[in-house]
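Enquirer: One-letter residues, chain by chain:
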Amino acid sequence: GQQVMQIPQYQHVQEGEDFTTYCNSSTTLSNIQWYKQRPGGHPVFLIQLVKSGEVKKQKRLTFQFGEAKKNSSLHITATQTTDVGTYFCAGRQTGGFKTIFGAGTRLFVKA
Amino acid sequence: GAGVSQSPSNKVTEKGKDVELRCDPISGHTALYWYRQRLGQGLEFLIYFQGNSAPDKSGLPSDRFSAERTGGSVSTLTIQRTQQEDSAVYLCASSLYYEQYFGPGTRLTVT
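Heads up: the sequence lines are chains A and B, in that order. For what it's worth, this note's numbering labels the leading residue of the first sequence as 1, then goes sequentially. For what it's worth, this note's numbering labels the leading residue of the second sequence as 112, then goes sequentially.
The hints are simulated quantities; they were obtained by calculation from the structure and are not laboratory data. It should be emphasised that the depicted structure is a prediction, and the values quoted were computed from it without experimental measurement. Honestly, I wouldn't trust all of these hints.
The calculated lysine-lysine pairs, modelled on DSS-like cross-linking and capped at a C-alpha distance of 27 Å, are [said to hold, decoys possible]:
{"id": "1", "chain 1": "A", "residue 1": "Lys-36", "chain 2": "B", "residue 2": "Lys-122"}
{"id": "2", "chain 1": "B", "residue 1": "Lys-168", "chain 2": "A", "residue 2": "Lys-36"}
{"id": "3", "chain 1": "A", "residue 1": "Lys-70", "chain 2": "A", "residue 2": "Lys-51"}
{"id": "4", "chain 1": "B", "residue 1": "Lys-122", "chain 2": "A", "residue 2": "Lys-70"}
{"id": "5", "chain 1": "A", "residue 1": "Lys-110", "chain 2": "A", "residue 2": "Lys-36"}
Just chain A, with the same shape it has in the complex:
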């Protein structure tokens, strides 16, 4: 079945450093979504990427979708303590509606 792998599992950074999490699917995706879950909270939608090679930015966050639509990345520039949480990618397989979440990358930011 479809698998979505996400690395790294954890990342500790000093405030101001950059952070990147990577997501890889075993199958071609129709789209990929990114969610953020704060400690003790529930996942909150950040963005969806649909097109091959698509790049989207939200302030300090940059999201990319690979040319083959099987991988994606989230890059945060100059992290802040408010960026703390777990970032999940979620892929939807072509032709279906089921969304498979990666295991998430937990970001720790030291002030």
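Using the hints provided, position chain B relative to the given structure of chain A.
Expert: Relative to the frame of chain A, chain B by itself:
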């Protein structure tokens, strides 16, 4: 407007008992998902409802798990003969297009 609500917020049950978890999606959302999240882990897909179509049950871990959605709105996840490994947070999400809106979850503890 109101978001996704889930009840109860916490449930402690004895091993072997049955439990019912409830999800009230956002009004008008046609898609509804159930996920399981063990402590410090990612989201495990359980089941997906889309309109009047047959649900995608491919993520249910055993026949002790079942879910229904009445009238295209409220959904109930039932776990029969609970086991300790069922302890987790059960998250419900609803969606109209692609963005999933998550509820606060039900924390289930099986003693």
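Enquirer: Please write out, lowest number first, the hints stated earlier that are contradicted by the structure.
Expert: Violated hint (a single one): 4; every other hint is consistent with the structure.
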